[in-house]
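Dock chains Z and L against chain H, hints included.
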Amino acid sequence: MDLSSINPAVLAASLMVAATPIMLAGIGELISEKSGVLNLGVEGMMITGAVSGFAVAVMTGNPALGFIAAVFAGMALALVFGVITQVLLANHVATGLALTLFGLGLSALIGQGYVGVNPPRTAKLEIPLLADIPVLGRALFGHDLIVYLSILLIAAVWAFLKFTRAGLILRAVGENHDAAHALGYRVVRVRLMAIAFGGACAGLGGAYLSLVRVPQWTEGMTAGAGWIALALVVFAAWRPWRLLVGAYLFGGIVVLQLNLQAADVRIPVHYLAMSPYLITILVLVIISSDRSRAALNAPGSLNRTFHAAQ
Amino acid sequence: MIRLEKRPTPSRWWTAATPVLAVLLTMVAGGILFAALGKDPVAAIRIIFWDPLFSAQYASYSRPQLLVKSGPLILIAVGLSFGFRANIWNIGAEGQYIMGALAGAAVALAFHPMEARWLIFPLMVMAGALGGWAWAMIPAILKARFRTNEILVSLLLVYVAERFLAAMALGRMRNPDGGGFPGSRSISGYPSASNPELIAGTGMHWGVVAAFIAVIFAYVLLHRHMMGFHVRLLGQAPRAARFAGVVPGRLIILCMGLAGLLAGLAGMFEVAGPAGRISIDFGSGYGFTAIIVAFLGRLHPIGILLAGLLLGLTYIGGELAQLTLGLPAAAIQAFQGMLLFFLLGLDFLSNYRIRLNRAEAA
Amino acid sequence: MKRRALLSGAALALGLAGAAHADDPTKVGFVYVGPVGDYGWTATHDAARLEVEEHFGDAVETSYVESVAEGADAERVMTQMALQGHDLIFATSFGFGPDANNVAAQFPDVKFEHATGYQQDHENLSLYNARFYEGRAVIGHIAGHMTETNTIGYIASYPIPEVIHGINSAYIHAREVNPDVRFRVIWLFSWFDPSQEADAANALIEQGADVLMQHTDSSAPISIAQDAGIYAFGQASDMSEFGPDAHLTAILDIWAPYYIERVQAVMDGTWEPQDIWHGFAEGMVELSPLNDAIPEDVRASAMELREAIASGEYHPFTGPLNRQDGTPIVGEGEVISDADLLAMDYYVEGITAELPD
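Respectively, the protein sequence lines represent chains H, Z and L.
Position in the first sequence (first residue = 1) + 890 = my numbering.
Position in the second sequence (first residue = 1) + 805 = my numbering.
Position in the third sequence (first residue = 1) + 6 = my numbering.
Next up, chain H with everything else stripped away, as it sits in the complex (with noise of 0.2 Å):
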C-alpha cells in the first residue's frame, strides 16, 4: 500500500473534471425540480447534448459553438418533456423515462456520422497569477472555461432562488401551485422555463462529456450520468451550494476509487460504488425526519399534475 504517491492537487482537479457533467445536469434539474417538476429524462438530454455538442464542434471547428449547441439541444428536448407534461398534463415520471429512452435512441442517430472522429481540443483556461501558486494552482486554477462556468452558474442559481423576486415565485410555484395560480403566478409558464433551464444544463453537462472529459462521440457514453445528476439533486437536498459540495463528493468517490487502485490499495469496488446512493438516502432520512427543516427543502408539489381548473 502506497498512499503517499497520491498527489492531493491532482486529485482535486481531476476531481474537479469529473464532477463538472454531474454538476452542470444537476443545477439544471434542482431548478426543476424546485418549480415543481421531477424530469427523470435527464439522462437522455444529457446524451443528446454530448452528440449534437461534438457534432457541431466537428463541423464548425470550435468547440465553443458546439457547447452553445448543445444548450439548445437539450432544451429543445425538454421542451418536448414540457409540453407533454405542462400543457397535456401527462405524468411526470412516465414521461421523463419515455424522454430518457428517445434520447437515447435519437442521439445514436444524429451520432452515425461521428464515431471515430477527434474533435477540436476545448483550450484550457489558465488563470494568470493564480493558476502559478504551488499546490492550489494545479488543483483550482488550471481548468478550461465550463469548469468554472459551472461553479458560477451555482453562484448564479443560489442567488437567484435566494435574492430574487422570479426565484421566490420560482419557489412558490414548486410549494404549491394551487396556491402560486391563485395569487395570480403563471404556474405553466414558470414551470416550462424552469424544464427549459433544465434541459439546458443537461445539454451543457453532456457535451461537456463528449468535448472535454472523454473527449469523443460514442454510443451510450454518458453511461448513467444523468442518473447520478438526479441523486445528486436529492442528495444537495436542493440547495445550490450543497450541489456543488455534492458533485465533488460523488466525483471524489469515482476518481479516489480509481486512484486508490492505481496505487494498488486493494479496495472492495462494487460496495465503494454504493456507497454514495446510501449516503444519500442517510441525508434523505435525516432532512425529511425534520419536520421544520424539510419543508424549506423539498418541493411540496413536486411530482404532481397541475391544471388550473381543478
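Please keep in mind that the hints were generated in silico from the structure rather than gathered at the bench.
Incorrect hints may appear among the rest.
Said to hold, decoys possible - Which bits of chain L does chain Z cover? Going by a derived footprint, with three or more residues having C-beta under 8 Å, they are:
{"id": "1", "region": "66-73"}
{"id": "2", "region": "82-91"}
{"id": "3", "region": "98-104"}
{"id": "4", "region": "155-168"}
{"id": "5", "region": "343-351"}
Think of the CB as a built atom: it goes at the ideal place given N, C-alpha and C, for glycine as much as any other residue.
Structure of chains Z and L alone, referenced to chain H:
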C-alpha cells in the same frame, strides 16, 4: 385561447380512441423517421406492428414470445399501479426486480445439484417475492416513519441493487464451472429450479401465469374490495380518506409491499426461465419500462395488460425490423420514445375537454 | 427444456423449405452485444461482416441485430434468424453461449458460431476465439522499452481469465526487456465506460505511468495519453486517429478471414463443428502499423517476437514461470496448456498489484 376543461367523468369514447390515435400518429412520425434513414416506411411499420402477430413465417414463434416479453412488464406494472393510484410513487421496481431474482437464484444455487422440485421451486418463488418485498420495504418504512420521499429512495436503491447484482455475478454467485467468466450457473437448466414453458409453443411460463392472475386479482381488489376503495380515495382525496378511516402509513406499507412482491416475483421467474441465469446485465430495464406500462394502461389492470402487450410488440417487431431491414437499434429506441410521447400526450383527451374561449387563459 | 419443443416442428418445416434452392444467397446473421458504433468489440465484428458482403457479393446476404442482451433476447433474436432462413449465425459475445446452444439444438440445419465461449453441446455449433495474449506479449515488449518511468498503466475490465492472462502476457514480456518495470492496474468492472476510462487513464498517469494499455473498448485513454504527451496502445481497432503521437500500435481483432472461410464452408457444404483459438499465425490477431516514435531496434525486436510467436517457435507463456505467490506454473522450457491459460485466475510473479475478488 384554447382551454382545457376537466370532464366530470372520463370520456369513454376518448378513452378507447386515444391509444388508437396515438399509435396512428406514431406510425406517421415513425414512418417519416424511417424514410429519412432511407428505409421503406410502410414495410418498417408493417414489420413492427403486423408481422410479429400475423406473418405466416414467424408469427407462430413471435406470438408466444410476445407473452414472454410482456409477462414481466405486466406483472410489475400491476403491482405499481396500486401505489400510483394512492399517490405513492415507487419508481424503484427495477431494483426490486433484481433483488427478487437474486433471492430466487440464491435458493436455487444453494440447493444445487440436489433434485427436489417440490421443495426448491416453491422456496424460490417465496424467496423471490420476499426479496422484492424486502427491498420495497426500505422506502416504504422510511416514508411511513420519517416521511422520506419514496420516489427518490426507491430510485436510489435501484443503483444499489445494480451494484449488488454485479458484485454477486462476479463474486459469490459466479459459476464455478464457467471458466472464470462472470455470471451464475444455469438456473433454467437445473430441473428442480427451472421455470419452463408450461404448454409447448405458447410462451406460457409461471411468470406469465402470475401476470394474468395479478391482473384478475387487481381488478377484483380495485373494484370489489374495500382496499381498492381506500387506495383510490387516498389518491383522490387524502383528507376524506382519513375521515373514512384510512391509515396512510399502513396503506403505504401495503401498496409498496405489493409492488415489491410482484416485481420480485417477476425477477425470480425471469432468472429461472427466459433469462436462465444471473448475469451482470440481468437488470435490462423491465422495472422502468413497467412504470411507463402502468401509465399507458391508465393504472387499470386491463389497460396495463394491453399496454404491456403493445410495448412487447414494439420490442419484438423492432428486432425483426433490424433483422430484415437493417434498421439501427437506435431508430427503434427513438420510435418507442415517440410512441410513448404520443400515448402519454394524448391521454388528456379522455379526462379533459378542449374549449375555445377568448377571455382568460389558464 | 420443454418450452422449445414446438420450435423443432417449425425448424423442420423451415429446413424443408430452405433446402429447396441452391442458388439462393447464403444468409448469414450476426448477433451483437453492443451497438455497431461502439468503435470497439462490436465494431470489429461489423467491419468483418461488411468484408464478408464485399467478398461474396450477391452470393451472401447478411443481417445483424445490435445491442442484444444475453438471455431471452439473444435466444429470440437467434431463433428469428433461424426462422428467417439464415444458414449461418455468428453469436459474437461470450454471454450468448447458453442461448446459442439452446437455439442450435432446435435448428440442426443452421450452423452456429459462438465467439469466446466454452459451451459446445451440439454438432452444429462451433467455437472461435482469438489469442489476444500473443498481441499483448508484443506490446508488453514495446512498452518495456518505451517506458522511462518504468511504470506501465493498465486499464482492465473484469477480472476474468482472458483479461488476466492478457495482463500477465504483457507483464512477462515487458519485464524481460526491462527488469525494473512495474504494472499498475485499474479494474473498471465495465467493458465500456468512456468517462471512467478517461479518469482511469488520468489516475494511472498520476501514478507515474508513461505507457498505457487497455482491455476496455473505448478510445478515451488514447485521447488522454495524447493530451498528456505519453504513449498508449489501441484496443481492437487502429485508434491512431485519436492520438497520432501517443498511439504506438494497436492489437487488431481481424475476424473477416475466419468469417469468409466459414461462410465458404457453409456454401460448399463442408462446414464442420470445431473449437479454434487463432492468433498471429492464422491472422486473427494482428498489430496496426507501428508508430515512428518506436526506435528502429525495438521495432526489429518486436517484429522478431511477433514472427517467433506466429511461427510457433515461441509461446508467450514459456517457463520458468511462477505465480505471484511463488508457486510454479510451468518449469524451465515448458509451455502452459491452453486449458490452464483459459482458467488463469492469478497474476504472475513480479506484479505487485493484487487481483480483486
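Hints, verified against the model:
no. : hint    : in the structure
1   : 66-73   : holds (count 5)
2   : 82-91   : holds (count 7)
3   : 98-104  : holds (count 3)
4   : 155-168 : holds (count 4)
5   : 343-351 : holds (count 4)
Going through the hint list in order, the structure satisfies each hint without exception.
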